[in-house]
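Undergrad: Spelled out, the chains give:
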Amino acid sequence: MEEKVLLKGNEIIGEAAIRSGCKLFFGYPITPSTEVIEYLSANLPGQGGTVLQAEDEIGAINMCYGAACTGSRVMTASSSPGVSLKQEGLSYSAAVELPMVIVNVNRCGPGLGGLGPAQSDYFQSVKGGGHGDYHLIVLAPSKAQELYDYTMQAFDLADQYRNPVMVLTDGYLGQTMEPVVLKERPPAQEWDRSWIVDGAEGREKRILASYSLTNEIGEANNLYWEAKYKEIQKKEQQWEEFHTEDADYLIVSYGTTGRISKSTVLNARKKGIKLGLIRPITLWPFPVNAFKPFLGKIKGIVTVELNTGQMIEDVKLAVNCGVPVELYRRQGGMLPTETEILEYIEEMIMKTDAKEVQA
Amino acid sequence: MNKVFSRSKGLTDVPFTFCPGCTHGIIMRLIAEVLEELDILEETIGVSPVGCAGFSQDFFTCDFVGAAHGRAQAVGTGIKRALPHRTVFTYQGDGDIAAIGTQHAVHVAARGEKITSIMVNNAIYGMTGGQMAPTTLTNMKTSTSPFGRDPQTMGFPMDFPKLLAGIPGAAYVASVSVDSPKNIKKTKDAIRKAFKVQQAGLGFSLVSVLSTCPTNWGLNPSESLKWLRENMMPIYEMGELKVSEEVEKL
Chain A
1 MEEKVLLKGN EIIGEAAIRS GCKLFFGYPI TPSTEVIEYL SANLPGQGGT
51 VLQAEDEIGA INMCYGAACT GSRVMTASSS PGVSLKQEGL SYSAAVELPM
101 VIVNVNRCGP GLGGLGPAQS DYFQSVKGGG HGDYHLIVLA PSKAQELYDY
151 TMQAFDLADQ YRNPVMVLTD GYLGQTMEPV VLKERPPAQE WDRSWIVDGA
201 EGREKRILAS YSLTNEIGEA NNLYWEAKYK EIQKKEQQWE EFHTEDADYL
251 IVSYGTTGRI SKSTVLNARK KGIKLGLIRP ITLWPFPVNA FKPFLGKIKG
301 IVTVELNTGQ MIEDVKLAVN CGVPVELYRR QGGMLPTETE ILEYIEEMIM
351 KTDAKEVQA
Chain B
360 MNKVFSRSKG LTDVPFTFCP GCTHGIIMRL IAEVLEELDI LEETIGVSPV
410 GCAGFSQDFF TCDFVGAAHG RAQAVGTGIK RALPHRTVFT YQGDGDIAAI
460 GTQHAVHVAA RGEKITSIMV NNAIYGMTGG QMAPTTLTNM KTSTSPFGRD
510 PQTMGFPMDF PKLLAGIPGA AYVASVSVDS PKNIKKTKDA IRKAFKVQQA
560 GLGFSLVSVL STCPTNWGLN PSESLKWLRE NMMPIYEMGE LKVSEEVEKL
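Taken in order, these protein sequences are the chains called A and B. Just so we're aligned, residue 1 is where the first sequence starts under our numbering, counting upward by one. Just so we're aligned, residue 360 is where the second sequence starts under our numbering, counting upward by one.
It is worth saying that the hints were derived from the structure and are not from the lab. If you're wondering where the values come from, they're calculated on a predicted model, not measured in any experiment. Certain hints may be false.
Think about it this way: if two alpha-carbon atoms lie no more than 25 Å apart in a straight line, the pair counts; the simulated SDA-like pairs of lysine to any residue are [what the hints assert, rightly or not]: (1) B:K552 / A:A209; (2) B:K368 / A:L112; (3) A:K205 / B:T371; (4) B:K555 / A:E201; (5) A:K205 / B:V606; (6) A:K205 / B:D398; (7) B:K368 / A:K235; (8) A:K205 / B:E396; (9) A:K205 / B:R388.
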């Protein structure tokens, strides 16, 4: 039965976790993510689950690590400074290949920063974050329904690839109330559980650990993980396209700014500007395949970001620097309006056209 | 011919890799014997730390999870909360549990987490080559206190089990030693009791075991045992430091 409810973004994530069969949640309060642990504290125990408020974020992620070793669905949620504390545990979890979901309700940084929305944790989320070569799968919702849908998908991807999955949202999405349809998700596929640690009853003992005693073993492990990451890159790129069919110019933007950029595209179209949007849904793997059809056809790309320009590096790599790529950004918790984004793009178009005339 | 003595079923046939005279092997054997005697080898999950104690994952026949440095008790908490009917123990050195992992140790005790921790205290960081630990004695020379631990600048040795014993959720805390046959027996009794406390769901249990590190102490094995008796035992309160009322009734 599908039910439509009005919930705060962070609460939607909590509800999606419960409906995904998440049995354990370990967390620590931090604005603007706190409603996730509050919602689950009120609702998960009644569904036979466990919520534990840990001594700190380090404790919380390592509790997730322990619970994930038993094959249970487990989640933690935090916000930027707290997610920094979790990086050690995430590196270990990736190395032991533990399925778990981590929610980062991105607030602005660096340091204590502020509580406003930001995308300044993009690099930390998609490039590793902790020590060693590893990747999280990173999903970036842009509205309430996606907070729900992507959280559910995160649990499935985590199980499928035995890999931690991050849902990267922000303070704006986390704190906004919106209607959401609580869709029933078909039961998750039964994945191989022959790796879990639950007591060696009638079987050989198992060890889940990431220490490599020799360099040869170390290299073999890294090659194995690399192959998995390549498979994920091949199979799991997701993005949304909006008015891209005939576009001369593209915005590339995810999350909250991806959503704002849709209004920019519609306003541009009213003015006769052929503007489209690529909204990455998976930030890792980055949807490089999205760009291939546009190479040689478009005149320029603008990334719209809430940081000093982080995703723009991945966009430039995706187009192999074959298209001019510019950045429009706000920082420190500020959001751009659809109008100011359009004004920037109009200026860019004027410059590009001037160059064409000169040529 | 009757076999009167053999390796515990709790231990694999992987030979111990510890330095000569190190007492890690004795402590691990005692744990293995207790798990075997309580018939819980197949329902126990151990958590190994970083450091010499980290090798424990290879030596026991039960399931094991390797934790990051200091995080074993948080990992153990996650396992226990996921599988409340399984037995969970952590095996950690003094640096792991009492320095980098302090917050987890304090809070598993505060929550009365139903896990058992074995703390192996040799007053030094062994695997990294003999650096100062929170348990290093006053004036004791290590590679990072080459002129001796000066409390004015390096702090005092910490009696960590005593600290944890003062926390309400800690149901059983014992400080023991494996320097003599008599004390080895006492250690085994304490370990058995700690696991029984967990089985009965009475709260957190900790057994701290004084241990030797001949290599990094620069002493031979027998000198090390003597040094432990003469220098560590007077500083660290020995015996059962906390026995809750419920544990008394066990």
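Undergrad: Determine for every hint whether it applies to the structure shown.
TA: Structure-based check of each hint:
no.: 1; hint: B:K552 / A:A209; result: 28 Å, violated
no.: 2; hint: B:K368 / A:L112; result: 52 Å, violated
no.: 3; hint: A:K205 / B:T371; result: 10 Å, holds
no.: 4; hint: B:K555 / A:E201; result: 20 Å, holds
no.: 5; hint: A:K205 / B:V606; result: 31 Å, violated
no.: 6; hint: A:K205 / B:D398; result: 15 Å, holds
no.: 7; hint: B:K368 / A:K235; result: 46 Å, violated
no.: 8; hint: A:K205 / B:E396; result: 18 Å, holds
no.: 9; hint: A:K205 / B:R388; result: 17 Å, holds
The structure fails to meet hints 1, 2, 5, 7 from the earlier list, while all remaining hints are met.
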